[in-house]
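Engineer: Protein sequence lines correspond, in order, to chains A and B.
Numbers 1 to 300, taken from our numbering, label the letters of the first sequence in order.
Numbers 1 to 321, taken from our numbering, label the letters of the second sequence in order.
Source of the hints: derived by calculation from the structure; they are not laboratory data.
Given the structure is predicted, the values throughout are model-derived calculations rather than measurements.
Idealized CB from N, CA, C, for every residue including glycine.
Worth double-checking, as some hints may not be accurate.
[As the list claims (entries may be wrong)] Interface residues of chain B toward chain A, partial, derived using beta-carbon atoms under 7 Å:
{"#": "1", "residue": "123"}
{"#": "2", "residue": "124"}
{"#": "3", "residue": "192"}
{"#": "4", "residue": "219"}
{"#": "5", "residue": "238"}
Letter by letter, the chains look like this.
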Amino acid sequence: MLWMEKFKKSKFRIFKTFLISKFVFINGIISIVVLGLILAFLIYNSLKFFSSYPFFDFISGTRWSPTVNEKFGFVPLMVGSLEVAFGAILIAVPLGIGVAIYIGELAPRLVRETLKPIIEVLATIPSVVLGFIGLKTVVPFVKNIFSLSIGLTALSGSIILAFMSLPTIISISEDAINAVPNGLRNASLALGANKWETTYKIVVPTASSGILAAVMLGLGRIIGETMAVLMITGNSPRIVFSWLQPVRTITATIAAEMGETVQGGLHYSALFGIGLVLFLVTFLTNFTADRFVNRIRNII
Amino acid sequence: MKSVRKSKIWMLLSLSIIVSFLGSSLLLGCNNTEGAVTEESATSGESLTKEEPSEEASLPYDGKELLISGSTTLLPFVEPAAAAFMEEFGGSITVNGGGSGVGVSESINGINDIGSASRQAREGEIEEATKAGIELVEVTIAYDGISVIVSKNVSVPELTIRQLSDIFRGEITNWNEVGGDDAEIILASRDSNSGTFEYFLESVVQIGKSEKDNDFSPMILSLQSNADVVNTVTTNDNAIAYISLGYLQEALDKGANAVTVDGVYPSVETVQDGTYPISRGLYNYYRKGDLSEMGEAYLNFLLSDEGQQIALDNGFVPLNK
Numbered sequence: 001m002l003w004m005e006k007f008k009k010s011k012f013r014i015f016k017t018f019l020i021s022k023f024v025f026i027n028g029i030i031s032i033v034v035l036g037l038i039l040a041f042l043i044y045n046s047l048k049f050f051s052s053y054p055f056f057d058f059i060s061g062t063r064w065s066p067t068v069n070e071k072f073g074f075v076p077l078m079v080g081s082l083e084v085a086f087g088a089i090l091i092a093v094p095l096g097i098g099v100a101i102y103i104g105e106l107a108p109r110l111v112r113e114t115l116k117p118i119i120e121v122l123a124t125i126p127s128v129v130l131g132f133i134g135l136k137t138v139v140p141f142v143k144n145i146f147s148l149s150i151g152l153t154a155l156s157g158s159i160i161l162a163f164m165s166l167p168t169i170i171s172i173s174e175d176a177i178n179a180v181p182n183g184l185r186n187a188s189l190a191l192g193a194n195k196w197e198t199t200y201k202i203v204v205p206t207a208s209s210g211i212l213a214a215v216m217l218g219l220g221r222i223i224g225e226t227m228a229v230l231m232i233t234g235n236s237p238r239i240v241f242s243w244l245q246p247v248r249t250i251t252a253t254i255a256a257e258m259g260e261t262v263q264g265g266l267h268y269s270a271l272f273g274i275g276l277v278l279f280l281v282t283f284l285t286n287f288t289a290d291r292f293v294n295r296i297r298n299i300i
Numbered sequence: 001m002k003s004v005r006k007s008k009i010w011m012l013l014s015l016s017i018i019v020s021f022l023g024s025s026l027l028l029g030c031n032n033t034e035g036a037v038t039e040e041s042a043t044s045g046e047s048l049t050k051e052e053p054s055e056e057a058s059l060p061y062d063g064k065e066l067l068i069s070g071s072t073t074l075l076p077f078v079e080p081a082a083a084a085f086m087e088e089f090g091g092s093i094t095v096n097g098g099g100s101g102v103g104v105s106e107s108i109n110g111i112n113d114i115g116s117a118s119r120q121a122r123e124g125e126i127e128e129a130t131k132a133g134i135e136l137v138e139v140t141i142a143y144d145g146i147s148v149i150v151s152k153n154v155s156v157p158e159l160t161i162r163q164l165s166d167i168f169r170g171e172i173t174n175w176n177e178v179g180g181d182d183a184e185i186i187l188a189s190r191d192s193n194s195g196t197f198e199y200f201l202e203s204v205v206q207i208g209k210s211e212k213d214n215d216f217s218p219m220i221l222s223l224q225s226n227a228d229v230v231n232t233v234t235t236n237d238n239a240i241a242y243i244s245l246g247y248l249q250e251a252l253d254k255g256a257n258a259v260t261v262d263g264v265y266p267s268v269e270t271v272q273d274g275t276y277p278i279s280r281g282l283y284n285y286y287r288k289g290d291l292s293e294m295g296e297a298y299l300n301f302l303l304s305d306e307g308q309q310i311a312l313d314n315g316f317v318p319l320n321k
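Excised from the complex, chain A in its bound form (with noise of 0.2 Å):
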């Protein structure tokens, strides 16, 4: 009798097995899915766009105009993100791996402990709070240090954006340098090698691949923000190459311009042309930031 039971009950605890891990397989599924149907779902409203629309003006276009003869020229937009982009990841990238240095290697355990969940807290600050913050701090003040005529620029942007992305790359990097394991410190210290010699000599390489993962999280988040550089870089679709003057960028553009569009116009679809571009160019970072991460591990 006993035996039956026992039988019963673990033919029931297989059942239950096979159940949650099909459940588990289910969920990981439905996300696949949804991303292929995000993916489905731009190109379908895009195709009117590309299919009408002769693609070299679009992508060598110089002039955003959809109200007047529409006109979408991708250049302008373009530039303002890379510019916005690479303004902040020229910010964030030595404040932020000088930070997780801090932390990884030469802060007491206390202040560690402390200081980097307060950082990983500051990511969960809303955009639209800190473009207001950016829009009554640094706007005003990048326009009188640099006495300009008006303060809603690109440097504006990429200083908010900056800090948008320092808590994913400290986070990521501290990771990355608390992953170097301590014998490879130990044989430098042996060899005579100090602290500071240890760290960007053996240390900050063993780390880099994680590092540099990092920095591509935070470049995939500056790039798809939205909402604070619509506040704080005037949205000027004007092609400069200067960091103290409006600019546009294309996520600004797709929410700015959305609400006014007829739904199947040109200016529609070619707002989903412009989203896909976008969601390529983001999934594309996120992806090669994935491979180094995964590298890490591999390291480990």
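Given the coordinates of chain A, work out where chain B should sit on it, guided by the hints.
Structural biologist: Just chain B now, kept in the frame of chain A:
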């Protein structure tokens, strides 16, 4: 070991946050429920007198809802008008912004009951509506003038339509070309969602649609609302922008200067008598045969003397009677 310690600290941290949140929300909750209880008892006490319920029942549209969306330009008129209507006739009116394009497209797509727009529906939009088997009905609810404002430091008192067109097209880029100081002109504009943008484009930049290829300069700043425009012009030097007459007083209070256009100063009187050159109608749209009784009553209220007075009080120009 390290990870264990870390997770412990995390747990402690998150626990303390959760506890503090719970604590505060409990406290707040207590206050709320107390408040609710006292209110309830108060109303139940009053209901014994049998005056409250009868008064409430006298409002004809209680429990009915109306959704209005569209032009941000019209918000300073629509919001107080909706509030006055609700006070007088009951019901609940939700007013959303979003821009004229949103107002019209939501009317076509059956999302709102009434769509407000500071421009007429475009050909493309009307086509879209007929494709969907819908006929949009247009109601002119007021007029508006578009005033041109400049930053405090700009000393140019008047501009012509031609000069404004050249300025916003980027042909004139320095204030000294129109009689001001030697300084670069900063162009502030609304984004293309805005009916004000559209109207200014057609009537000023394209000089009343006579030069249809004229376009805004790519140097324009596209701002999200009239309030944003006022803010940008008043906090920066050498800027020029156009705003709805309803926002002019606020802009002047904050230190901007108004410019006369073709020699006429923007005001309710000059718009009404037709001398001010940049003025337009403001419209409400609804789907033919799909307007509730309350919606009809609301539109009648807007067109009544009381509704038009609200328009005037908020800087719009009432319809000529």
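Engineer: Against each hint, give a clear statement of whether it holds in the structure.
Structural biologist: Comparing the hints with the structure gives:
1. 123: 10 Å, violated
2. 124: 5 Å, holds
3. 192: 5 Å, holds
4. 219: 5 Å, holds
5. 238: Holds - the Cβ of residue 238 (chain B) comes within 7 Å of chain A, reaching about 5 Å at its closest.
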